[in-house]
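151 is the number that my numbering gives to position 151 of the sequence shown; each next residue is one higher, with no gaps.
It is possible that some hints are incorrect.
[Stated by the list, open to error] Across the chosen pairs, the derived CB separations fall in these ranges:
(1) Ala182 x Gly20: 35 to 43 angstroms
(2) His110 x Arg166: 18 to 26 angstroms
(3) Arg224 x Ala108: 16 to 24 angstroms
[As the list claims (entries may be wrong)] Below are the BS3-like pairs computed for lysine-lysine, each with C-alpha atoms no more than 25 angstroms apart in a straight line:
(4) Lys186 x Lys24
(5) Lys25 x Lys232
(6) Lys162 x Lys186
(7) Lys232 x Lys186
(8) Lys186 x Lys233
FYI, nobody ran anything at the bench for these hints, they're computed from the structure.
Even for Gly, the Cβ is constructed at its ideal location relative to N, Cα and C.
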Amino acid sequence: MEPNARPFPRDVPRLLREHGLQPKKFLGQNFLLDPNFLEAIVRDAEIDAGDGVVEIGSGLGHLTDRLAARAGHVWAFEIDPEIYDLSRTLLGERENLTLTNLDGAEFADHIDPGIYRRLKIVSNLPYSDYQRILIRLLSCRHPIEGYTLMLQRDVYDRFRAKPGSREYGPLAALLQATCDIALLRKARPALFFPRPHVESALFRLVRNDLLRPAEFPAVAAALRELFAQRRKKLPCGRRAEEIPPGELVGMAREGR
């Protein structure tokens, strides 16, 4: 444990019961419990005192606690007001932590990263709303060094799908064309409460310069349109699912 980190309760089911709370399925709440995996996330994100860190969906603060022990400042966002209130009690007051009860997709207007050398995103993304949040993260106007994210393993696998496969879709094309994608480690369902039905994947995204941040929402929407009728040939004579990511993103950008 880092010197400034605090011990945290591992008995999350009991803690929630004591406060009359239950995980909310519609928010995709699955709390990561394993302290070794939490420490591994912080190591994989390569956090140090020169970093400003944004955490989306901070939950009860188990990861937040460890991020704040390493980072220059952490801006943590939790949309659930009851979980937010409990996490404030557990985390206590810290000079380098700003905890906000807000949809994390709106984070860009609520941080001030100017004094930090690097800005990083670290998040166990909610399974229920990851696509919307991911596009908002990629379109952030602040310069972001990298994204260390966790999602269901099958979702990550779809991000890496190749043209011509059933899994290849608009988000796969967008991410492969605009980011370097690397799998960092896998997480068993037993590490979470409640247990998800599938394995999770911790991965890193590093955005390249193909698109300006402000272009991501429009290009993502155009890609969805191109894939809307998968069997229909485009004016170029090919179907969307046959076209390599870089070429397809270029077409979406140009409105073809």
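Given the hinted pair Lys162 and Lys186, is their alpha-carbon gap at most 25 angstroms? holds, 21 angstroms
Tell me if the beta carbons of Arg224 and Ala108 are separated by a distance inside 16 to 24 angstroms. Holds: the Cβ-Cβ distance is about 23 angstroms, inside 16 to 24 angstroms.
Tell me if the straight-line CA distance from Lys186 to Lys24 falls inside 25 angstroms. OK: Lys186 and Lys24 at ~24 angstroms, within 25 angstroms.
Check the following: the C-beta atoms of Ala182 and Gly20 are separated by a distance inside 35 to 43 angstroms. holds, 41 angstroms
Within 25 angstroms, alpha carbon to alpha carbon, are Lys186 and Lys233? violated, 37 angstroms
Given the hinted pair Lys25 and Lys232, is their Cα-Cα distance within 25 angstroms? violated, 36 angstroms
Please verify whether Lys232 and Lys186 have alpha carbons no more than 25 angstroms apart. violated, 36 angstroms
Starting from the hint 18 to 26 angstroms, judge whether the C-beta atoms of His110 and Arg166 obey it. violated, 39 angstroms
Going down the numbered hints, you'll see the structure goes against 2, 5, 7, 8, while the others check out.
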